[in-house]
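Using the sequences plus the hints, can you model the full thing?
Take a look at the letters that make up each chain.
Number of protein chains: 2
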Amino acid sequence: MKFNQFGRLDPDFSEQVAELTQIHFLPNNWSEMAPADLLAGLFARCFPEVSNASEVADREDRVLVTRDMSLAQRLADRPEKLARGEFYAAALQLLGFIPADDFPDLDALTAMTKWGLPTIAADPLGGDDVVRAFYLLLTTRGKNGQNFLDLLTARGYFNGFLTASDAPHFVFFNGKSQAVFDTSKIVREVVYVESSLDTDHDGQRDLLQTTIFRPVETNAGLKVPVLYTANPYFRGTNDMAPSSYDVNQDLTPKVPNDTSYSDVAYHHAQPLVPDARAVTGTTAETSERPVDDGIYSLNDYFLARGFATVYAGGIGTRGSDGIRTTGGPEETASTIAIIEWLHGDRVAFTNRTDGVAIKAWWCTGNVAMTGKSYLGTLAVAAATTGVKGLKTVVSEAAISSWYDYYRENGLVIAPVDCQGEDTDVLALDTFSRRKDAADFARIKPQYDRMMADLKKGQDRASGNYNTFWDARNYRKNADQIKIDFISVHGLNDWNVKPRNVEQLWQKLRDLPINKKLFLHQGKHVYMNNIQSIDFTDMMNLWFCYELLGVANDAPAVLPNVTVQDNATPETWHRYADWSEPSIPKTQYFITGHDLQKQPPHQEEIVSFQDDGTPLFLAGDQDAHKWEALMMSRQSNVYEHTRQLFLTAPFAKDAYIDGTIVVTLQVAVNQAAGQISCMAIDYGTERRLKADPTVLQAKGQQLGYGWAVDDVKEFQLEKHPSEFHQIAKGHMNMQNRHTPWQNDALTPNQFVTLHFALQPTEHHILAGHQLGIMVYATDMGMTVRPNTAATYQLDLNASRVEVPYRR
Amino acid sequence: MKFNQFGRLDPDFSEQVAELTQIHFLPNNWSEMAPADLLAGLFARCFPEVSNASEVADREDRVLVTRDMSLAQRLADRPEKLARGEFYAAALQLLGFIPADDFPDLDALTAMTKWGLPTIAADPLGGDDVVRAFYLLLTTRGKNGQNFLDLLTARGYFNGFLTASDAPHFVFFNGKSQAVFDTSKIVREVVYVESSLDTDHDGQRDLLQTTIFRPVETNAGLKVPVLYTANPYFRGTNDMAPSSYDVNQDLTPKVPNDTSYSDVAYHHAQPLVPDARAVTGTTAETSERPVDDGIYSLNDYFLARGFATVYAGGIGTRGSDGIRTTGGPEETASTIAIIEWLHGDRVAFTNRTDGVAIKAWWCTGNVAMTGKSYLGTLAVAAATTGVKGLKTVVSEAAISSWYDYYRENGLVIAPVDCQGEDTDVLALDTFSRRKDAADFARIKPQYDRMMADLKKGQDRASGNYNTFWDARNYRKNADQIKIDFISVHGLNDWNVKPRNVEQLWQKLRDLPINKKLFLHQGKHVYMNNIQSIDFTDMMNLWFCYELLGVANDAPAVLPNVTVQDNATPETWHRYADWSEPSIPKTQYFITGHDLQKQPPHQEEIVSFQDDGTPLFLAGDQDAHKWEALMMSRQSNVYEHTRQLFLTAPFAKDAYIDGTIVVTLQVAVNQAAGQISCMAIDYGTERRLKADPTVLQAKGQQLGYGWAVDDVKEFQLEKHPSEFHQIAKGHMNMQNRHTPWQNDALTPNQFVTLHFALQPTEHHILAGHQLGIMVYATDMGMTVRPNTAATYQLDLNASRVEVPYRR
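In order, the protein sequences belong to chains A and B.
Using UniProt numbering, read the first sequence as starting at 1 and increasing by one per residue.
Using UniProt numbering, read the second sequence as starting at 1 and increasing by one per residue.
Treat each hint with caution, since some may be false.
As the list makes no split between identical chains, a pair holds if one copy fits it or if it spans any two.
[Claimed, not checked] In silico SDA-like pairs for lysine to any residue, Cα to Cα no more than 20 Å straight-line:
no., residue 1, residue 2
1, Lys444, Ile98
2, Lys718, Ser244
3, Lys523, Gly221
4, Lys359, Ser51
5, Lys718, Cys418
6, Lys507, Ala756
7, Lys698, Arg289
8, Lys456, Ser244
9, Lys444, Arg799
10, Lys698, Tyr233
11, Lys455, Thr252
12, Lys444, Ala100
13, Lys625, Glu717
14, Lys698, Arg318
15, Lys597, Leu765
16, Lys585, His201
17, Lys114, Arg574
18, Lys585, Gln596
The hints are simulated quantities; they were obtained by calculation from the structure and are not laboratory data.
Computed from a predicted structure; not experimentally measured.
Here it is as structure tokens:
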């Protein structure tokens, strides 16, 4: 167990007192109280689930302060001070730690040092230090990863805090909004935002169904900001399987051309749209209730803390008009239309027919976007428009250019476990409007046209970057990002690959905005409920700063770049930057099977066969098993389909920081060729699992009688493994210059390929070896040729550049 | 997709009208309405999430009735009747089915026949038939497995149904209680029931913390029944690993004895207990709020429908007094103490110290118990006491005798994946009182005594049935069961093995009570959210009958025995009985490797080695992989450790109904021996997975803005498998007569073992073969001897008896 806490503030004592008083933890007259009464009174506040003194005493009698004395017994003596060890023994029990399991011999201080939990140095603790200690305790994280005030909140601390006589208001503690709002009465409603699109060409502007969950306190005049998640999956999905592509086919030679970027650049033209609907009246009351719930526990956490949450599926989803375009400019416009309404710049109606307009009268106009994957992608898209009202984005595992999702260097490259998927397949998946049969029947011709357009535009036959993909490259418009920006990504995410976040980061670096980056060791997963890091607290600090104007200095408090270590569990590094272009790279040459820093002595040409497809297809077609065999040092059925080169064992630990680049001199005995290259960490080690383990199902309560979340952690695998994939990359040999230009490929003539693997941050332990594997077909990502081919690699002209963190 | 629906009532028309009127689906003046208005009005009730006519029309305009006409367009013509096909095309869409995916060509009637959904025969539908059709529709199950009225409820149909002016009351439809209660205001409270136990010997009766969730309408005078779940895990668990036993050891020879049952029979003596606490006052208001949530979605479903839910951990759990005894009589008394309070027969206090008593004034006194595993076990225990107030039990995957959980025929036999566990290990697991360090410190000596008592009583060294186990055999008291009883069990549950439910069923069969049995194809899992069967609806019918006195004839409506077919998905058989003692058994003899109905011609002695442990321990120690190798027809490293006999391929389908019994003539070359025997279904087939697949995460809403559950189904495996384990059994060769008597075992002398495998219900498809495998060590369940042994089997004197359903 280790608790990394980056979002906690250390205000001065007077501020601590003010905050404690404001949340009624400290009585106003505390400084006049007898020290013993103060101490007893503060402990008594730690049991909000009970009502009277005898019940508190009963609770305190269950907490040990020394091996043979309970907190109740200790307090019965009316002490003015408490030994530091006694205080923290009690504190750890209040935080959910179990002495017998977690801190033997009641040695709280040793445990807290080990786990990284903060303490007050004074010993014994008395007077002001008691107040300081309780302030610190309230912001200290418990065994379930939540801080103590959140634990108290879940047990009812703030129940009824905003009494009827008060004007409802936000309550901040340690710079973060608290769950004082009545979650049993959340207002749930639906409106229809009128976009400036007519993507289904029905002569009317596309209406966008928008689902709102807002604190009931807004009805009493409180204005609140919004966490908005654009979620194409919100109203359901369709079965993609019928439209997936067969990838069991040879790679097609492409006709050489001299296409330049300007030939494929997308230039946006505002579409002509029908006139807006007539507004027949206005109202402040909606008339439709949502049928779906929120989908992200982080949003629910903030809903209890006064942030409204808003979900919209966008064009082509059930309840909305329009058709989907899988990341196209229309989807961006559809996404920001909701923000424009929230900000007061666009009309919404209470329903699809009556023309009665309704404003987001309960909203401050300040909006943050959240979400993972496609949801986070649309947040990136929105940020690049500079739309008013959008104040910040927390974008997780997001695509920043769709070419980097479905393509790479002139090849069709599937996201992991998604062979045969493409933009049209995903469009079918998210086109939930299809579920309303009569609605679908009316726009079926437009749907068919969209599918045809996507098929044509994505140009699966060539794999090249073209205007279609350029229109889906949000990074082109990165300079329009005027807002503070947070990116979160898994370093083992082979669905949305890390290039998406890294290339965006390269653009954000020099923008005059605050930007933060979180890189965890997971796959395509959330990180908000990981025990070892206070992500939720950091987001609370961030949203309060960005949306509510709380002067908590969040941009300075949060690390610029937070990276989870892959070798040591529960360890999160804070860095100033990641993958800087200027980082020096170590160059490796190849001799025999060795990667070494000295240039090779002699020329050497090696070869491998690309004939694994029949064997793969005859088996259980598990690309993960295939990949494990490919990476294995041991001889196996696929060994002849690769070339593997290894460094000597590392003398000391090293950290790869950014992008490994390879230069390969390759020939193939046919007119088309695909090269895959993988970087591998070899060394027998128990490694982190890329799927976090559930430590406690529903172990986090996000409010009082409100939503719950599991507590998770990235744990070590039970058994040591021999290797781990660090990164990989792919290139079509005809796209050795650019992804839009096709070069000629003559059988058996060597060409130079120079390409980057996916970026990473990877800790190589001393004694481990870095491996570089060169092969052709990637069963899980590329097409799988049935025709065998022979590839040759000229080692003398090949090299690998690795950026190491200083 | 197939929908088995056993809990639907078909009342006569006047009753249908009365019920529809009562829930305001049908206007009181319906018979005076123009037929077109009636039809339109009934459809309009199907969109409770919107408020006005234009919004309803918009919704209706999204539903197709013919290929080119929407429901809105159809109703705009003011039809008096609707073609049957049109009505059901619309109905299926309202039920969540998607034409393009689920019923191509809008052919609703063909689909409904295939899926088993009921329809009205009239065509066209008009007049009273329209009313009948809507009544039927409301009770018809949708794609997520819930009936249409539940779907409407989730969308707000009953929101505000009980207005402030009404006296709150239950609303029944089709014999089932509806979710008219306000789940946003559930009352959550804690009381402390005073038991008549002092298991921690502190001189005070054990107080039992009891958590209550009750409808807020009880505050307005409504009395409600209770679903009570005795849940030792409710307040948390401890890590069991440190106290688990090492099973890598030889089987110990036992000293022969002539113990008879009377020597080990347990005779209950009421313990002496301290006087009750003084009652210092009374109150109607509790003062403590619970910190944990409910744990069973079925309970939550009923909480929205007016049934309070109550959870108690029992003695030795956090917040309660006492120590745990893993199924001992003290736990039974602890369990029923809660019912006694709910029924008005026992005192509870608002807290642990002040002596203020509180009654369950909001309760009718009628209680049902629910729960799975240990939770269901305690329901069985409670039922065998005849405690007043307990009206019925729905016990899932329950232990009926703890010997059948941790032991078998004189052997220590672990539940699957629980090697090394025993009663003391489980007692540590559930002794959550340990988490309160000061509380634990005070009773540590009693805890140590309990652990010593359990270790001694369970007598792991012998594995024999003794007084300790007899005290934990609830079936002994089965004749005390005076209440209607439902058992649910998985036929692939190797945690709580099916003998537990089967042996209880043998006792229940002749009791003058209503009893029902559900056998699914799962492991140790719930079945309330399985798409293909209306378990929740049946339970609604049952609880309304048992707890609220609704005259819905539930005992006659529900099948006696409901069994899921293992070969055909989504198929549930209804039988009059299961595993009747009188069922004729087919006898198989053994010749060579064949099981055949003719007696063998000649004597044959075969042997196998029991030497697999070193190999197993050298590998990854995965008992499931080991078991798959053992069952495999193919030659493999464990083949010499088994003898496998197979029938000829079955000429036609057969159903094993109950218990396979084997008679084996065996010798072993040492003074102790353990025999395992397995029945296996051989045949290449895609089989049902024993873990249900999530069809739709959170796809069931259990009320309006209330709890959710996943929709699940037992699906076929992706690839065909060669075999499936039907049942197995184990016996210590020294316990060949009884589990309490040790017989001498002479090395290499043959003895006759006669024992039952676990009971089952299994469909063997034509062309498959039944296999019987005989072996010694069961890596996942028995001790794993390091000393190799040779077993001999005299085939001539061995046979297998199999009960087939007629």
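### Message
Checking an output row: Lys718 and Ser244, CA cutoff 20 Å. Within, between, both or neither?
### Response
between (36 Å within a copy, 18 Å between copies)
### Task
If the cutoff is 20 Å on CA atoms, where do Lys698 and Tyr233 land: within, between, both or neither? Let me know, please.
For Lys698 and Tyr233, the Cα distance is within 20 Å only across copies (14 Å; inside one copy 24 Å).
### Query
From the Cα coordinates, with 20 Å as the cut-off, is the pair Lys698 and Arg318 best called within, between, both, or neither?
For Lys698 and Arg318, only the inter-copy Cα distance (18 Å) is at most 20 Å; the intra-copy one is 30 Å.
### Task
Pop the pair Lys507 and Ala756 into one bin, within, between, both or neither, using alpha-carbon distances up to 20 Å.
within (17 Å within a copy, 71 Å between copies)
### Query
How do Lys114 and Arg574 come out at 20 Å by Cα distance, when the copy is not named: within, between, both, or neither?
Close inside one copy (19 Å), not across copies (60 Å); limit 20 Å.
### Query
Within a copy, between copies, both or neither: where do Lys523 and Gly221 come within 20 Å Cα-Cα?
Answer is neither: 43 Å inside a copy and 53 Å across each miss the 20 Å cutoff.
### Query
When no copy is named, should Lys444 and Arg799 be tagged within, between, both, or neither for a Cα gap of at most 20 Å?
So Lys444 and Arg799 fail the 20 Å test inside a copy (53 Å) and across (66 Å) alike.
### Query
Is it within, between, both, or neither for Lys597 and Leu765, if the alpha carbons may be no more than 20 Å apart?
within (19 Å within a copy, 65 Å between copies)
### Query
When no copy is named, should Lys456 and Ser244 be tagged within, between, both, or neither for a Cα gap of at most 20 Å?
Within one copy only: 15 Å inside, 62 Å across.
### Message
Reference check for the pair Lys444 and Ala100, CA-CA at most 20 Å: within, between, both, or neither?
### Response
between (65 Å within a copy, 12 Å between copies)
### Query
For the identical chains here, do Lys359 and Ser51 meet the 20 Å Cα criterion within one copy, between copies, both, or neither?
For Lys359 and Ser51, the Cα distance is within 20 Å only across copies (19 Å; inside one copy 43 Å).
### Query
For Lys718 vs Cys418, is the C-alpha pair at or below 20 Å within one copy, between two copies, both, or neither?
The answer is between: 17 Å across copies meets 20 Å, while 28 Å in one copy does not.
Violated hints for the displayed structure, listed by number in ascending order: 3, 9, 16.
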